[in-house]
Structure formats: C-alpha cells, structure tokens
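Chain order of the listed sequences is R and G.
Going by our numbering, the letters in the first sequence line up with residues 1 to 189, in that order.
Going by our numbering, the letters in the second sequence line up with residues 1 to 189, in that order.
Worth flagging that the hints you see were computed from the coordinates, not collected in a lab.
Take these hints with a grain of salt, some might be off.
[What the hints assert, rightly or not] The list that follows gives simulated cross-link-like pairs (lysine-lysine, DSSO-like), each with its CA atoms no further than 27 Å apart: (1) R/LYS100 - R/LYS40; (2) R/LYS110 - G/LYS81; (3) G/LYS167 - R/LYS100; (4) R/LYS81 - G/LYS48; (5) R/LYS3 - R/LYS21; (6) G/LYS167 - G/LYS48; (7) G/LYS100 - R/LYS81; (8) R/LYS102 - G/LYS102; (9) R/LYS110 - G/LYS6; (10) G/LYS159 - G/LYS102; (11) R/LYS94 - G/LYS102; (12) R/LYS102 - G/LYS48.
Nothing here was measured: the structure is a model prediction, and the numbers come from that model.
One-letter residues, chain by chain:
Protein chains: 2
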Amino acid sequence: MEKLEKYILENGQVINGKILKVDTFLNHQVDPQIMDCIGKEFYHYFKKYPINKIVTIETSGIAPALMCAFQFQVPLVFIKKAIPSTMSEAYSAKVFSFTKNKTYQISVSKEFLNSDDHILFIDDFLANGEAFAGVEKICQEANATIEGVGIVIDKVFQKGHRIIKEKGYDIYSLAMIESLNDNKIVFKK
Amino acid sequence: MEKLEKYILENGQVINGKILKVDTFLNHQVDPQIMDCIGKEFYHYFKKYPINKIVTIETSGIAPALMCAFQFQVPLVFIKKAIPSTMSEAYSAKVFSFTKNKTYQISVSKEFLNSDDHILFIDDFLANGEAFAGVEKICQEANATIEGVGIVIDKVFQKGHRIIKEKGYDIYSLAMIESLNDNKIVFKK
Chain R
1 MEKLEKYILE NGQVINGKIL KVDTFLNHQV DPQIMDCIGK EFYHYFKKYP INKIVTIETS
61 GIAPALMCAF QFQVPLVFIK KAIPSTMSEA YSAKVFSFTK NKTYQISVSK EFLNSDDHIL
121 FIDDFLANGE AFAGVEKICQ EANATIEGVG IVIDKVFQKG HRIIKEKGYD IYSLAMIESL
181 NDNKIVFKK
Chain G
1 MEKLEKYILE NGQVINGKIL KVDTFLNHQV DPQIMDCIGK EFYHYFKKYP INKIVTIETS
61 GIAPALMCAF QFQVPLVFIK KAIPSTMSEA YSAKVFSFTK NKTYQISVSK EFLNSDDHIL
121 FIDDFLANGE AFAGVEKICQ EANATIEGVG IVIDKVFQKG HRIIKEKGYD IYSLAMIESL
181 NDNKIVFKK
C-alpha cells in the first residue's frame, strides 16, 4: 500500500534501530482518513472469505479494525488486556511482549466468540507473532475459524510473518519493513 | 438519539442497579454501523465550533471518537492510561475510577496537544466526571481550548453532567440515563 509507506516514511521515527514509532497517525494520534483507506484495502483483499467478525487486541488495533469492520458490515470484537470486573466467562491466553519485556494476559468473553465465527484478525504491528499466537489459542478454544490475518505494519525481519504463513494462514500486510538498521526505514520490494 | 436508546434497551444489561454493561456494541464487541451514526450525530451538533482535533481516553472511547474524527476530517488523539516507553514529554493527570475503585494516570504526549488546538472531547460513558476533570487539567496545561464534550451514554443521575455544564462547557449526550434502579434502564425525557 503505497500511500501507507509514504506516511510511514514521512512520519515514522526509528528508535534504537528496532522500534518504529508511528504515534502521529496510528498509535497515539490517529489519522481517520488513512484508517479508512486501510479498512478498505483489507476489505478488498479479504472479502473472498465468509468473514462475520473482525477481531483485534486493544488498544492500537482498534482504529484500523473498526474501519475494516465498517466495510464488512460485521461486528468488531476487541480482545482485552485485562479482565474487567464485568466480564463473566472468558477465553484467555498469555502473551509475551518483547517491546515491554513482560507477559500479559489477553481475554475475550465467551459470549463474543464461538464455533459459528469466521474471523479476520487485524493488528497494527506484527513482529515475533506473540500476540497472534495468543489469539490463535483463544480461537481454537472457542472453535472459531481464523480466515485471515491483516497487519498494518509488518516487521518482516522478525519471525512473526514467516510463522503465520507456514501455519497456512492467509496473511496480508500493508507495509512490510525489511530493515530498521541505522534507524533507516527500508521496505520490502 | 432514539436509535441508540433502542440499542441500549435491547442490548444493555444492568448490574447491581449501578453499572450498565453495553459489551455487545460498545465496550467489548463494537457495532461499526451504530458507531458511524454516533460519529455523524456528534458532527452535526458540534460542527459550529472550529474543532481541529478529537480527543478521547483509551480504550472504549476510541471507536465513537474515530468515527467522529472521520466526519470532521481531523485527527483523533487518544489519551493513554499508561506512559509508554516510547513517549517523551507528556502532560499527565490523575483520575479516580469509581467502577474500578482505583486511581490511574492519564498522559498525552506534548507533541499532540498545544495552544492552537480546539478540541472536542468524546467519551463512551459519563458518570462522576472524574475522567473529564483529568482531560480538562491536561488541556489547561497545554493551553488547548475545549470546544465541547460529547458523551455516548450519560448517567445523569450521577454528578458529572451537572459539573461539566456548570463550568460552561457545551455538553451533548446521546443517551441520558435517569435511573438504573431495580436494574431497569430509564431514560431522561
């Protein structure tokens, strides 16, 4: 997605050759127009599947996932990083975050995921695929089918993309970053 | 907003005569169509002001606020409940949550709020107005102007609405709940 790559080059900031900060349009400030384009692009690619639910993990996945859900005209379910007091029975998984160097729990109420569900998982970033592994475990427990994986920014120099692909999932990443060496953003051609 | 009230009556669940759970379309599962209607309704009401930024607090405010930002064609800034490692200088405030019975810190990067900003604050719920007080403090520090306050579900039997109004802010609430007594949802007419 050329428009997104242009945005990333103009607004992205690389920290320590590892972290790509896109706070100006995705992770803190959100540009609704680019989110709309992202939602449409995912819809265009994944509309061949019988998707009835978009799933993401709070917080930064919500904006692109909502715009995608709006295109599909299906509900968005955001998996929570804490178990709220009002949540009754839930599916849960542990996820290790390399960026934060800690393990956290993700949970979804059993009410919102079941064996009738054909889901599209949307996330803002993909690195090692730890978050996706947690979502996969939750979907397996719920007997829900993962039809596809849509990633806004994919750090393909880390292992997540390869693992998800090798498992046979249809993964579509809008911006694929090959390297952040010397704090320079290089896209995969 | 009649459509929203109908949604709340059909899908809302009252817990202990105090908490209104709207997990089916707002706080866990999100209905993008109703979010779109909410965004348009806020735009219709607040378009008279020179709003250049929509502000909300993560997490559940993001969906309605994004749809509203899309209508205004301005950025959305979501205030964070934790200080990420990648955030440099920030404006912060402490917020007490009655639902969770704890104090948490909210922060926004100085990069995304300044004296040129005319903001519309959008939130999913209003009860005692603690979250808004935190946002107000942050905006005062940043010298940003709050042009209006848009609330999706306003528990007007608590003090938040009255306080915000008495301070002179233009507050527009889409669903005003007068009582949750006996676990029954009663709207203000």
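Going through the numbered hints above, which ones does this structure break? Give me the numbers in ascending order.
1, 3, 4 and 12
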